[in-house]
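Peer 1: In case you want the letters, here they are:
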Amino acid sequence: MSEMTADIAEATDHPAAEPELAAADLLVEEVSIDGMCGVY
Amino acid sequence: MSTETRPRAGFDLDRPWQLHPQVSVRPERFGALLYHFGTRRLSFLKSPALLAVVSSLGDAPSARQACRSAGVTEADLPAYAAALATLAGSQMIRERVSS
Amino acid sequence: MTRPLALVEQFQYGLDAPICLTWELTYACNLSCVHCLSSSGRRDPRELTAAECRAVIDELERMQVFYVNIGGGEPTVRADFWDLVDYATAHHVGVKFSTNGVKITPEIARRLAASDYVDVQISLDGATEQVNDAVRGPGSYATALRAMRHLAGAGFRGFKISVVVTRHNVGQLDDFKAIADRFGAQLRLTRLRPSGRGADVWDELHPTAGQQRQLYDWLVACGEQVLTGDSFFHLAAYGEALPGLNLCGAGRVVCLIDPVGDVYACPFAIHDSFLAGNVRGPGGFAAVWRESELFAGLRRPQAGGVCHSCSAYDSCRGGCMAAKFFTGLPLDGPDPECVKGHGARALAAVAGAPAPRPSGDHSHRSNRPRPVPVSIGPRPPAGPGPSPDRPGLPPDRACDQSPLAGFRPG
Chain A
1 MSEMTADIAE ATDHPAAEPE LAAADLLVEE VSIDGMCGVY
Chain B
1 MSTETRPRAG FDLDRPWQLH PQVSVRPERF GALLYHFGTR RLSFLKSPAL
51 LAVVSSLGDA PSARQACRSA GVTEADLPAY AAALATLAGS QMIRERVSS
Chain C
1 MTRPLALVEQ FQYGLDAPIC LTWELTYACN LSCVHCLSSS GRRDPRELTA
51 AECRAVIDEL ERMQVFYVNI GGGEPTVRAD FWDLVDYATA HHVGVKFSTN
101 GVKITPEIAR RLAASDYVDV QISLDGATEQ VNDAVRGPGS YATALRAMRH
151 LAGAGFRGFK ISVVVTRHNV GQLDDFKAIA DRFGAQLRLT RLRPSGRGAD
201 VWDELHPTAG QQRQLYDWLV ACGEQVLTGD SFFHLAAYGE ALPGLNLCGA
251 GRVVCLIDPV GDVYACPFAI HDSFLAGNVR GPGGFAAVWR ESELFAGLRR
301 PQAGGVCHSC SAYDSCRGGC MAAKFFTGLP LDGPDPECVK GHGARALAAV
351 AGAPAPRPSG DHSHRSNRPR PVPVSIGPRP PAGPGPSPDR PGLPPDRACD
401 QSPLAGFRPG
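Residue numbers (the working numbering), protein chains in the order written: chain A, 1 to 40; chain B, 1 to 99; chain C, 1 to 410.
In isolation and in its complexed conformation, chain A is listed as follows (with noise of 0.2 Å):
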């Protein structure tokens, strides 16, 4: 997969987040437990 796609599956997680927090995106995603497709 490219580093483009990388970017966004990182950068969606986290839509309000500031440019100085992409560090540690790198490191940690953090999602609802209700994030999951699949669940009722």
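Stretch-level coverage of chain C by chain A, calculated; a stretch enters the list once three of its residues show a Cβ under 8 Å from a Cβ in chain A:
| # | region |
| --- | --- |
| 1 | 20-26 |
| 2 | 229-235 |
| 3 | 243-254 |
Derived, one-sided and incomplete: chain B residues facing chain C with beta-carbon distance under 10 Å:
| # | residue |
| --- | --- |
| 4 | Gln22 |
| 5 | Arg26 |
| 6 | Thr73 |
No lab work stands behind these hints: they were computed from the structure.
The beta-carbon is built from N, C-alpha and C at its ideal position, and this holds for glycine as well.
For this one, chain A is given, so just place chains B and C on it according to the hints.
Peer 2: Chains B and C in isolation, oriented as in the chain A frame:
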């Protein structure tokens, strides 16, 4: 990456930290999953070294020491500090009251 | 330090356990919602016993599954429901259960409010009685609102109100939010899939393209305040992705355990093509999750097929497998509700061809809207032998109309 190890604003590497008691840690091939039963939020730790840091926080005198023991290099320390800051922000980890 | 992979890439290697999962505890239900994804109504006599359910919970604990969404049917009609919820939370498995509210008395609401590890999700498909009851049946709106009053009255903050978005309720989004705010609850909007009885009403109920855009804009404006269960990840093709993993979790991070122990990739894909195994097998649930061929296939990187060349593919990942399957579309092509319109074109191309039917139909017989096929000649004897609807599986024994007939907690 910067060679300085000045802690990120808001996160103090030189304080003692711990996992929040309501957090469940599940090691994975890529690092770990952390689930906070109170906030119902999930964190993906994307490196086994970060898991080692987080797991040893409670026993280490400081977050910086936990990073060193996990083999984090000075060059990588800012990225780990930033990751710990994210975890602190979502209450996955919290400052330890020293006894 | 090498750059860590994005989550979409991590999951191609699979996880040793689901992160969370849906567990349909019973096919019995007091309602007959027209779009029911599990075609529920009548209890299946082969339901897991309470002992078997506890064994599943023990496995989930060992695997560190963080939480289960217990649904059905209507899970609270099982007499052992409350015991099973207590057993799960005592064994470190968080519970959210989905209910139409029928059993949420003030007393039950107080018990629930006292537990930190149990969440409640009330189903509601209209902000008004008229819109709701057209889908969920007469009295269902009143039942749901009564349950919400009881939960709020007991101090239960943040319970979920879960809505399946349809053509007829998409104009009520602000009103749904107002209901949630009134009861101190959190609104959850989810996608209608053509699954279960939903297959029969999808054409008339799914939002139009224009309404879909309206829904997306509204959700973006709400941010994290309104949950979606990541069910609108196909809308990421519009631009900014909604909160969530934005990928199909089926067989990768989530799955379904059904009332008879069958394990499916997801609750919207109850069909033999997505059946991974059964928890009653020798290795239990863990063996199914880790060893099933079906799941191994889902965990390999998906090529994307004809969608691969689309500029939106990296965002939408080709959309929902179940939506494609039950509208008769190929899995390596566009989602029927593809925001770029590729799905609508694909549907036109397969128009007239029969789409796969859901496996099993537990609907109340008297309410089943589909015409029954007429056959001449004696009925085949009851007993072991394949059913025409589900080759390879024994037919249901004749069930009484009452979902609780003959039920004895195990």
